[in-house]
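Novice: Got chain A; can you put chains B and C on it based on the hints?
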Amino acid sequence: MTLTTDETVLGAMEPHEPGNFATHATPLVRNCWYVAARADEIGRTPLARKLVGADVVLYRTEAGEPVAMRNRCPHRSFPLARGTLEGDRLICGYHGMEFEADGVCVNMPALSSTPSTVTVRTYPVVDRGPVTWIWVGAPDLADESLIPDLPWLSDDVEWGTVTGHFHIEADYVSMHENLIDQTHFPFLHPGTVGTPEYARSKLTATTEHDQVVIRRELSDCAPPGVYGRPAEIMHKRIDRSSEARFVSPAVHTAFARITDHDPDPGKPGLYRYNITHCFTPESNTAIHYWWFVSRDYRPRDPAIDRFMVEAHEQAYSEDLEALEWIMDVVRNDADPHIELSFATDKPGLMARRILFRLARKEN
Amino acid sequence: MTLTTDETVLGAMEPHEPGNFATHATPLVRNCWYVAARADEIGRTPLARKLVGADVVLYRTEAGEPVAMRNRCPHRSFPLARGTLEGDRLICGYHGMEFEADGVCVNMPALSSTPSTVTVRTYPVVDRGPVTWIWVGAPDLADESLIPDLPWLSDDVEWGTVTGHFHIEADYVSMHENLIDQTHFPFLHPGTVGTPEYARSKLTATTEHDQVVIRRELSDCAPPGVYGRPAEIMHKRIDRSSEARFVSPAVHTAFARITDHDPDPGKPGLYRYNITHCFTPESNTAIHYWWFVSRDYRPRDPAIDRFMVEAHEQAYSEDLEALEWIMDVVRNDADPHIELSFATDKPGLMARRILFRLARKEN
Amino acid sequence: MTLTTDETVLGAMEPHEPGNFATHATPLVRNCWYVAARADEIGRTPLARKLVGADVVLYRTEAGEPVAMRNRCPHRSFPLARGTLEGDRLICGYHGMEFEADGVCVNMPALSSTPSTVTVRTYPVVDRGPVTWIWVGAPDLADESLIPDLPWLSDDVEWGTVTGHFHIEADYVSMHENLIDQTHFPFLHPGTVGTPEYARSKLTATTEHDQVVIRRELSDCAPPGVYGRPAEIMHKRIDRSSEARFVSPAVHTAFARITDHDPDPGKPGLYRYNITHCFTPESNTAIHYWWFVSRDYRPRDPAIDRFMVEAHEQAYSEDLEALEWIMDVVRNDADPHIELSFATDKPGLMARRILFRLARKEN
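Protein chains in written order, with my numbering: chain A, 1 to 363; chain B, 1 to 363; chain C, 1 to 363.
Some hints here could point you the wrong way.
When chains are identical, the list treats them as one kind, so a pair holds in a single copy or across two.
[What the hints assert, rightly or not] No more than 20 Å apart at the CA atoms, straight line, and that leaves these computed lysine to aspartate or glutamate pairs for EDC-like: (1) Lys50 to Glu324; (2) Lys50 to Asp333; (3) Lys236 to Glu65; (4) Lys361 to Glu339; (5) Lys50 to Asp335; (6) Lys361 to Asp335; (7) Lys361 to Glu158.
The hints are simulated quantities; they were obtained by calculation from the structure and are not laboratory data.
So that you can see chain A by itself, here it is in the shape it has in the complex (with noise of 0.2 Å):
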């Protein structure tokens, strides 16, 4: 499916029918690799967290491997986050169960002889960069060549990569149909990124597998500040192209370059600005949020990244505090609502379809 804007509503929404849009209610997509924390998060210190619905502790072995088990032993329901690590073990604090970690208890003290078939569940997790990513669906289609691929996370020298986190209490539909979406910079982001002109450009959206991308191209127009002024450029006239792509439920891309035909000595004619976004839901209306943004130019300058991370801090402050209180809204006001979508809701609601039809998959 293909489609260019045409302005009109779209109409209501009856969000529950068959084919059609996710929203906050709909049950998580379990059956995708989400990221469960910076990979330096996870250490030799157990680390609870819950993650698209399940209670996990996160650690690694004396090797550095990553495990995820589900934080609860399956004995007496102790969380396994309170408990100690010896060598590559996790002991429960309550009877002593050790745990391997594949999730095989290799001794419960308690007893002379080890039970040979104890085990707590263990989550497939992977460190792919400066994220470790895990798999909490059907544990024989946590397929690792799904993890998208993000080089430029790892790649630091080509790239500069500044990053930061947050944790919402909103719901990931929301997101990634903000994330979509650009006609609200304007509006929620008038001293950061919003341009009118911006919001108003053209753009193809297209569904690829299970993807969404959406493409804008602007010529000969003023650079926006965020990545203008780290460049140096914001004197010039310059083109500007745009790809956005809604990867899984798990992660959105944005990919920004900015052409200077007329590139001052020792400068270059082109900029890439990777952006990633990976966010998972604890549940139906909270989220966890990592951010990365990437630069192709100068990156080990602690000046642009400053730059780089307040520009963007900024914005995701403004997106985010805007999601909490839609949020509040949809869990507070009883009154019946429909939604209302217009033309420029179709890259976002070709997103929310396929957030539906994963959900639907699994339940």
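Specialist: For chains B and C alone, kept in the frame of chain A given last:
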């Protein structure tokens, strides 16, 4: 129905039987004019408020007309109270949709032409003296002539009025019953309005259409402090009459008349007090409450104003604290409970029967 | 049923099957004497407390007799604990209804004659030594001879007793199982009572009517610090026997006997410790817990008192923190869970089977 109290146990109520009495759990009556706010609370900064279960945003046009809209953008559920006013239009803070005071969307900036059929629900609102009334029920029933007539609140020549506001965790059914009932005065308000003689005084209670009127007469008695002290007649014997009225689910009035048959030179023979209780449930367990105490003498005497505020804040605080304690019991006590009523509860039960009937008509 | 532990996995429990084991979700057993309060907590100021799901107000008559009433006026649900005592009568704070200690209303001031049939439910309460017992279940089953006999708590000549109180967010089923189980000692209490030999010592567990008795014997061993240090016998080898008893849903006792076969001059050959755990669920997720540690030597030695308080507060805090962590897991983990038990859990499961059966009889 007219009755005089006779002193017998009315027996246990079965509150949910047809023909019976509203309780805290009865659906709120929505087809009624309620106070939305003090008129001066509503201005050019949008004000969010939950009123009779509806999430509402309140503001004024440039001409000063009050506007009440649903506090939820029909597009992506952003709370409109977080938006901004431009002229008479409320602008959604998310995508910049512009709503006129009649709720019609007149601009959606992301679209080149404005869709013609998009609206947000508005609610009839009317300024009357110090308060603004709202109708959140069926729009076609919103007849302004149904707004209770409280002319003394708008007359600051003849009347001196003091006012106050509380937000309480209680139900409006208990609140109405508390206001109708005076047998609790000696116990809940021993230091203020309670005298046992008054509590026991004979009353008549009459249902007039959907109102309940309770009348009491006392002759040749000592004045109650709350009325006698500001009038400086505590040394006199007076006659006293009162009318308490369940006006509507939203309003209770109490008129007190103190007659001094032998007034001192230059002093009146009659002192009138009109007390107006406006309360608007947020939900079945919380209320906005505005009270007004008006007197017909020395209307601009600040010392009397201060006395009236202090005395009534004290008494009302005692009532509201008790109602919150009761709400807490009702919510947390899971054991079966059958409410017991006495003949002295009849006036309150007459009001609860009306509330029950009005609620049933809507549900 | 008598068993000795043999070390095999018992397999997964299906807790809600008939004939099975109580969990935190099993209805509370109400036909049982529970501790309502320490006797000295109940006095001439009404005390509100939730006990086994019942909202109760506790006070004493002028003669010192304990009274327990439902904390809800049958008239308008005012919490009677917010009222006042006049002589033996509890006066409702709302309309002044007066209830005698037997729950009969003897005055309703708003009425000229008192209705003869109005009562508030009272609950049987009995003082026994330092505590007051209550029966919130079926009144006709409240046989005082069922109150557990704990004579050492009332004997301060032979016995020195220290005590403490906790309020915890946990369920009484887990609490009972925790007290019966000693295999957790080395892990949860490594610094206090835990020794691996003791945890592994052979035990017998016997069901006697609706009680479970667990007996352990250890010969020629080092004394545990918590008993050996106050007795100043840490340099000795001793014999040790213990009896832990699930007395009722409300009480668990533990008797420890330390035998010194070669006592120093002037010192006893036998040290007795009686530990009494009384706990009363508020609900399925919260408990009032009173503990008592009694010893049969130097009963008025304040240094030993201090030691016993500190050592036991420490150990019990560790248990209670663990039980709260588990409650938190059980409440928040929505994924399916099947509880796994081992042979060492049998004594606890015997108690949970009794709790299950008692609850089933009532529901």
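Novice: Next, verify each hint and record whether it holds.
Specialist: Results for each hint:
no., hint, result
1, Lys50 to Glu324, "both (19 Å within a copy, 18 Å between copies)"
2, Lys50 to Asp333, "between (27 Å within a copy, 9 Å between copies)"
3, Lys236 to Glu65, "neither (48 Å within a copy, 48 Å between copies)"
4, Lys361 to Glu339, "neither (24 Å within a copy, 29 Å between copies)"
5, Lys50 to Asp335, "between (31 Å within a copy, 11 Å between copies)"
6, Lys361 to Asp335, "between (30 Å within a copy, 18 Å between copies)"
7, Lys361 to Glu158, "neither (40 Å within a copy, 71 Å between copies)"
When the structure is compared with the earlier hints, violations turn up for hints 3, 4 and 7 and for no others.
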